[in-house]
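Trainee: Now for the letters of each chain:
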Amino acid sequence: MNTELLLQLLVNGVIVGTLYGVVAMCFVLIYKSTRVVNFAQGEFLLIGAWTCWWLLMKFELPFWFGFPLTLAFMVVFGIALQVIVLRPLIGEPIISVIMVTIGLSIFFQALMGLLFGHETKVYPQVFETSSINVLGMQVETAYILSMVISIFVMIAFYFFFKYSKTGLAMRATAFDQQVAQSLGISVKSVFAASWAISAVVSALAGIVIGMVNGVSSALSFFGIKVFPVVILGGLDSIVGSIVGGLIIGILENLAEFCDSQWLHIGNLYVIAPFYALVIILMVKPYGLFGTKDIERI
Amino acid sequence: MGENTALLQVENISLSFGGVKALQGVSFDVKSGELFSIIGPNGAGKTSMLNCISGRYHPQQGEIRFREQPITKLKPNQRCNLGIGRTFQNLALFNHMSVLDNIMVGRHHLLKNNFLTGGLYWFTGARREELEHRQQVEEIIDFLEIAHIRKAQAGTLSYGLRKRVELARAVALKPDLILLDEPMAGMNHEEKEDMARYIIDLNEEWGMTVVMIEHDMGVVMDLSHRVMVLDFGQRIAAGLPDEIMDNPLVKKAYLGEEDEQPSEESAGVGEVA
Ligand SMILES: Nc1ncnc2c1ncn2[C@@H]1O[C@H](COP(=O)(O)OP(=O)(O)OP(=O)(O)O)[C@@H](O)[C@H]1O
Ligand SMILES: [Mg+2]
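Sequence order for the protein chains is U and C. Residue 87 in numbering that gives the first Met the number 0 sits at position 88 of the first sequence, and the numbers go up by one each step. Residue 27 in numbering that gives the first Met the number 0 sits at position 28 of the second sequence, and the numbers go up by one each step.
The following block holds chain U by itself, in its conformation from the complex:
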């Protein structure tokens, strides 16, 4: 058995897993506060990564400037999307809203293809050294950055929900919109805020992945990976999405290991999470941390 490869893959799993966790958190954030299942989550990564790439390549902006500019754009984008597309749908059947987010997903993918082409494009060199040595293993600097950013985002989420006015309002709205409103909370602003935050943080993840793998429509596949993650963690649990992300990330890489060492199927890496998805739905339909819907009479 090739322990070095195994170790390398496990490290990859943890790094990719935390990124899955971050994207899943964004998905859960929207689901929790607005009850919308956002099938266009992956496109947020794509749009963020392309926007940043475009600013860096076309305008030759330095990274420290292009990066925050992209995030600022994503705030506006998230709010605009909620106000223009989703707000008019409030009160419509949930299935219509899901159809709209699927439509958005297809639309944005096509639009990005039209604007930026279909080949993978690489980011300009952001770091001086492309990889550093951690405990005897070569780890890409961008991966380290990704880890740092992911952990930072998770801690920021924690503080935001625990100690900020908007975070408190979001938790209250997630629990009961009517009651939140009667306590002076503007549900509309809470909705807009959750789309904005979700878009920004997803874009952050998109840029990080783009720096490692290059930008291409493959990025939006992350949005689909989110489903096994949130189904595992529970659709409405932030903590669950982090744990779920880690598990799926590691599972994927273990599958890759078994595949390359013994099975030689060739793409177990891609499909393993979805096998997991099916199994989880059978044994624990509400996920590890999700709350069961209790019928009220």
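These aren't lab readings, by the way, just hints derived from the structure by calculation. Glycine included, every Cβ here is placed at the ideal spot set by N, Cα and C. Check the hints yourself; a few may be wrong.
If you want the footprint, here are the derived chain C segments under chain U, 3+ residues with CB under 8 Å [said to hold, decoys possible]:
no., region
1, 18 to 26
2, 70 to 82
3, 88 to 97
Below, in silico cross-link-like pairs of lysine to any residue (SDA-like), each with a Cα-Cα straight-line distance of 25 Å or less [as the list claims (entries may be wrong)]:
no., chain 1, residue 1, chain 2, residue 2
4, U, Lys187, C, Lys30
5, C, Lys74, U, Pro92
6, C, Lys30, C, Asn94
7, C, Lys74, U, Val242
8, C, Lys72, U, Val186
Some chain C residues near chain U, calculated using beta-carbon distances under 7 Å [unchecked claim]:
no., residue
9, Gln59
10, Gly105
11, His107
12, Arg196
13, Ile199
14, Leu239
Starting from the known structure of chain U, arrange chain C with the ligands on it as the hints suggest.
Mentor: What follows is chain C with the ligands alone, placed relative to chain U:
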């Protein structure tokens, strides 16, 4: 009781759900500093009336004014910001949050700075604001005697305590008008007495105008300055507690003799100017 101006004016409100006429042309007003009760049999439209005032329901007809400003078209959160707070008939606490967080949500619309406690406040200058809010929240906690459960998760508390926490959350809004939907339902005698004392204090010492729905007649007659009676969505009487007790229409509504609709006399029985 202070000045005699009407804080809340409700004019000719009608509300229906499909074929169900929950409210039919109900009018009344509540003066500043008053403790006003709405009573009536089950399904009479009491909660619906409260929901129209707080903005949860939108009546098809009529107008509601708060401090002489029409509020009928405003959203619940806008009405809250004007100074109308409420509690719910079926407990509506944020069960997964601590008691303190529940009360802080009530404080929400008064907070200017986005960050409350924690590592961030010295960056944002929120510290002084935070201290002020803490102080007022502490005052409310002391007043309602819930200091011992401040850190507890709201959903784990006993029914009586949850009712109290819900009141605390509404008081934290600092409303001028507080709407209480059956604040004592399901309580034992002792808890009811406590609650009655809190409501009187809120009215007399904290200066809040109170509109209360309550089924316990003893409590209503003891606490209220004025009482309005609803039956089948119509106002059948309004006046001082004693007058209401003696009103034959009210007796009839409560005994459930509905041979004749009490509509023609509904206009102003027992009304006091
Ligand atoms: N959201 C709603 N949808 C449909 N019908 C409603 C709704 N809310 C209230 N009603 C109806 O309106 C009428 C008045 O109800 P309401 O809850 O105001 O009564 P109530 O006086 O508060 O009664 P209770 O003492 O039982 O609380 C009832 O017939 C009720 O079924
Ligand atoms: Mg009621």
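Trainee: Indicate, hint by hint, whether the structure satisfies it.
Mentor: Do the hints match the structure? See the list:
no., hint, in the structure
1, 18 to 26, "violated (count 0)"
2, 70 to 82, "holds (count 5)"
3, 88 to 97, "holds (count 5)"
4, U:Lys187 to C:Lys30, "violated, 33 Å"
5, C:Lys74 to U:Pro92, "holds, 22 Å"
6, C:Lys30 to C:Asn94, "violated, 34 Å"
7, C:Lys74 to U:Val242, "violated, 39 Å"
8, C:Lys72 to U:Val186, "holds, 16 Å"
9, Gln59, "violated, 18 Å"
10, Gly105, "holds, 6 Å"
11, His107, "holds, 6 Å"
12, Arg196, "violated, 24 Å"
13, Ile199, "violated, 24 Å"
14, Leu239, "violated, 30 Å"
Checked against the numbered hints above, the structure violates hints 1, 4, 6, 7, 9, 12, 13 and 14; every other hint is satisfied.
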